[in-house]
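Same order as they appear, the protein sequences are chains E and L. To convert, note that position 17 of the first sequence is 16 in numbering that gives the first Met the number 0; the numbers rise steadily by one, no gaps. To convert, note that position 241 of the second sequence is 240 in numbering that gives the first Met the number 0; the numbers rise steadily by one, no gaps.
One thing to keep in mind: the hints can contain errors.
Chain E residues, not near chain L, derived (Cβ > 10 Å throughout) [to be verified]: (1) F21; (2) N46; (3) K49; (4) Q51; (5) M79; (6) P84; (7) E88; (8) N195; (9) A218; (10) R253; (11) Q270; (12) M279; (13) E312; (14) S318; (15) D325; (16) F375.
Computed footprint of chain E on chain L, listed as stretches where at least three residues anywhere in the stretch have a Cβ under 8 Å from a Cβ of chain E [unchecked claim]: (17) 83-95; (18) 111-119; (19) 211-224.
Think of the hints as simulated: they come from the structure by calculation, not from any bench. Built from N, CA and C at the ideal position, the CB exists for glycine as well.
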Amino acid sequence: MNIQNLFKIAIKALGNNKMRCFLTMLGVIIGVGAVIAMLAIGQGSKNSIKAQISEMGSNMIMIMPGAERRGGVRQSSDDMQTLKPADYEAIVNQATGIAHITPTVSSSGQWVNGNNNYPSQAQGVNTQYLDIRQRKVAEGEMFTESDVKTAAKVCVLGKTLVDNLFPDGTDPIGKVVRFGSIPLTVIGVLDEKGYNTMGQDQDDLALVPYTTVMKRMLAIDYLQGIQASAIDENRTEETIAEITDILRTQHKLRDDQEDNFSIRSMQELAQMISSTSSMMTVLLACVAGISLLVGGIGIMNIMIVSVTERTREIGLRMSIGATGKDVMTQFLIEAIIISVTGGVLGILAGAIATWMIKLFAHWPVQIDPSSVILSFVVCTAIGIIFGFYPAAKASNLDPIEAIRYE
Amino acid sequence: MAKEIIKIENLKRYFKVGDETVKALRGVSFTIYEGEFVTIMGTSGSGKSTLLNTLGCLDTPTSGEYYLDGIAVKGMGKNERARIRNRKIGFIFQNYNLLPKTTALENVELPLLYNSSVSAKERAERAEKCLREVGLGERLYHKSNQMSGGQQQRVAIARALVNNPVIILADEATGNLDTRTSFSILTLFQRLYREGKTIIFVTHNPEIALYSSRNIMLRDGHIVSDEYNDDIKSAEEVYRNLPEEND
Ligand SMILES: Nc1ncnc2c1ncn2[C@@H]1O[C@H](COP(=O)(O)OP(=O)(O)OP(=O)(O)O)[C@@H](O)[C@H]1O
Ligand SMILES: [Mg+2]
Numbered sequence: 000m001n002i003q004n005l006f007k008i009a010i011k012a013l014g015n016n017k018m019r020c021f022l023t024m025l026g027v028i029i030g031v032g033a034v035i036a037m038l039a040i041g042q043g044s045k046n047s048i049k050a051q052i053s054e055m056g057s058n059m060i061m062i063m064p065g066a067e068r069r070g071g072v073r074q075s076s077d078d079m080q081t082l083k084p085a086d087y088e089a090i091v092n093q094a095t096g097i098a099h100i101t102p103t104v105s106s107s108g109q110w111v112n113g114n115n116n117y118p119s120q121a122q123g124v125n126t127q128y129l130d131i132r133q134r135k136v137a138e139g140e141m142f143t144e145s146d147v148k149t150a151a152k153v154c155v156l157g158k159t160l161v162d163n164l165f166p167d168g169t170d171p172i173g174k175v176v177r178f179g180s181i182p183l184t185v186i187g188v189l190d191e192k193g194y195n196t197m198g199q200d201q202d203d204l205a206l207v208p209y210t211t212v213m214k215r216m217l218a219i220d221y222l223q224g225i226q227a228s229a230i231d232e233n234r235t236e237e238t239i240a241e242i243t244d245i246l247r248t249q250h251k252l253r254d255d256q257e258d259n260f261s262i263r264s265m266q267e268l269a270q271m272i273s274s275t276s277s278m279m280t281v282l283l284a285c286v287a288g289i290s291l292l293v294g295g296i297g298i299m300n301i302m303i304v305s306v307t308e309r310t311r312e313i314g315l316r317m318s319i320g321a322t323g324k325d326v327m328t329q330f331l332i333e334a335i336i337i338s339v340t341g342g343v344l345g346i347l348a349g350a351i352a353t354w355m356i357k358l359f360a361h362w363p364v365q366i367d368p369s370s371v372i373l374s375f376v377v378c379t380a381i382g383i384i385f386g387f388y389p390a391a392k393a394s395n396l397d398p399i400e401a402i403r404y405e
Numbered sequence: 000m001a002k003e004i005i006k007i008e009n010l011k012r013y014f015k016v017g018d019e020t021v022k023a024l025r026g027v028s029f030t031i032y033e034g035e036f037v038t039i040m041g042t043s044g045s046g047k048s049t050l051l052n053t054l055g056c057l058d059t060p061t062s063g064e065y066y067l068d069g070i071a072v073k074g075m076g077k078n079e080r081a082r083i084r085n086r087k088i089g090f091i092f093q094n095y096n097l098l099p100k101t102t103a104l105e106n107v108e109l110p111l112l113y114n115s116s117v118s119a120k121e122r123a124e125r126a127e128k129c130l131r132e133v134g135l136g137e138r139l140y141h142k143s144n145q146m147s148g149g150q151q152q153r154v155a156i157a158r159a160l161v162n163n164p165v166i167i168l169a170d171e172a173t174g175n176l177d178t179r180t181s182f183s184i185l186t187l188f189q190r191l192y193r194e195g196k197t198i199i200f201v202t203h204n205p206e207i208a209l210y211s212s213r214n215i216m217l218r219d220g221h222i223v224s225d226e227y228n229d230d231i232k233s234a235e236e237v238y239r240n241l242p243e244e245n246d
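Isolated chain L, as found in the complex:
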């Protein structure tokens, strides 16, 4: 039996907007095991981002239980949650969110700067290793604004990997990229999956479900389906067959 990385029970998240209450999550339960590549899908406004923020300890649920790597997140203080984000979670955003005027290496080092148990030397080594893993070994000292969207997203992925998180959370990680670049990023995620990383990938592109091991569908804050995929398609093949453009 694989290790439980994420376990949520009847998770609810309500927002108060004026007099009204927006019910973004209306009771969501699932368990994600180590080594799964889960896509979360749903229409716009179905609660995907809200769910991911909660899983990423950025947001607190209105009610329900959340265990991350066996630890109950509920009732944690701000600082404890910051520490969890720093040590256990790798977050990837749709718009990359790199520091401007800063080199790739420094961007990737960032999470480790907030971890005083990592020395400066180890920090640089780990950041460099992660950048090589995402194929940016040649661009360590390029500034973030000198890179293409695909390259910036790779830097963001390297940054999410650098702290050896128990789970990688990606919110529309390919949303800003063209098809070809999207598939190259997806190839990278599939490789991380094969290496045993646990990944949650939020998207509203139904096609992407074919490349993950499990797909959860959300609608109006409910889970409408939760299916395992036995026949995972290879993103790399698709990427190779796509006509080459100037990348």
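Isolated chain E (complex conformation):
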């Protein structure tokens, strides 16, 4: 039997019942559309996380005071004061795998310039911060090691702070602004970076020597954290182990005592975030897959009804020479046409939905070509699988009984 003729017959039969045909398709359209959109959201967020990580530098290592937090249990303030400037000095002197390192302390407060003020933070760091975070000073210059030693009252401002403190556009370099009650001379302006993919303003930043923050602003003798970058991105694990040893010796911890600090690498963080987002993607895809399955069952349901309804037609076809295989192929083709057309429309619907999500919700999305191919293959398979039973049922009819069927 000529497959082309069977296609004609199947299309004709579907055309006789357009509304029902479309409603059946709708199940598949929604299912496939959901799969495409969900996978696009998953892929998009994964990409944006990756971009973010590489923006921040994948060789970054963060050292925080206090034991690793488990299950969100709060730690006493004593625990948060375990990192001392001496620890920083020890790492600088002993660690071999570190390219750059800076202590971090930060203070929140108002930046004031005359009548203009802006609530933000003073980020206390040393000169190496710029290398670690891959930032540059666009105008003026960065403070120096000697500024750090003397806890100089200087600052380097980000673009957002400049815009808010000098709205009239005067050159901020050399001007004196206040952070709280402390006057600081602006010696540089940071390069403009804009918003990152998570929507944070990377220009809402003011760098101050960390010693200035510790002594003049917060009056503390401990560090809030240490940031470093490993020489080799692939050896961060070893570098972390090295730092751990140095800090344990510094803190005179016995073997049975736990670390009173914690170290995270950006890689570790990246893995954590991306595995969470992978899990989300799988979950979303499962939900979408279930709706696709429901669509498939819809096809089977309609095909069974259709076979019963068209029993006489089947009987007639057989009595004028259609073989069981012809009848079976015809019904299979009908099911596949429904599912594949639904699939193609569903891919379109999914693309439109994805585009709308991007347009209105501003979520990062990306349609992966593989998800399109996957949906297409799954649709064809669904047509075959769910069309098979009704088609087999039709082909097994006895022509005489079928033609007499009322």
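Given the structure of chain E, go ahead and fit chain L with the ligands onto it with the hints provided.
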């Protein structure tokens, strides 16, 4: 000597209904030659439809031999019988059995769709020719549900002719039609007979025997008479003399 189209020997067909066996055919034998117009007659339940279904390769006999156009049908598989139905048999049903929402032309083309050796072009040409033969040349694109019973039966006859069958089998082909329309259909069958087609026409209307060349009577699954008719009456004459109604 004319060619043997159908030859059956001691054909039996028993149906099992629960514990009982219904004997629809209890040993029927006859031979039908090319160019005969045979009516098969009998009371309701005498086995006419069962016999015709068997001859049409839709049903298989319980026992007995059946040769169609010289080929033994016994022992054929489902697919082979489907092929025989497609190539050698033209079947006409009492209730027309046309595809709904489908044009006359497409209905007539249907058997050829299942014959891959016929091209789309040839298919349309042959279907059109057959529809012209049955007098429906003007209604090629009318849908089946837009036609009268008589017209629908003509479409069904055209469909039975389109594959150039060796035999045309009709089961109560005029059973649903009024007298006048019945005679117009009968006129058509007589014309096909004159053109040399072989026809078996099942009916329980005894009058119709007068218009065929041979009449076989069935009763309780047996042949009770098998007579040739030398004086075939013309259906066309009767049709002409019938008062005209709105057709
Ligand atoms: N599928 C079947 N199952 C059981 N019995 C059947 C079946 N088909 C036919 N019969 C029986 O076989 C006998 C002959 O039936 P058949 O249909 O051949 O009669 P018929 O001569 O065509 O009658 P009618 O003029 O009413 O159409 C009947 O008694 C009928 O009940
Ligand atoms: Mg009957």
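Going down the list of hints, with the structure as the test:
no. : hint    : verdict
1   : F21     : 17 Å, holds
2   : N46     : 51 Å, holds
3   : K49     : 55 Å, holds
4   : Q51     : 60 Å, holds
5   : M79     : 80 Å, holds
6   : P84     : 89 Å, holds
7   : E88     : 90 Å, holds
8   : N195    : 62 Å, holds
9   : A218    : 91 Å, holds
10  : R253    : 86 Å, holds
11  : Q270    : 60 Å, holds
12  : M279    : 49 Å, holds
13  : E312    : 6 Å, violated
14  : S318    : 6 Å, violated
15  : D325    : 6 Å, violated
16  : F375    : 29 Å, holds
17  : 83-95   : holds (count 5)
18  : 111-119 : holds (count 4)
19  : 211-224 : violated (count 0)
Violated hints, listed in ascending order, are 13, 14, 15 and 19; each of the other numbered hints is respected by the structure.
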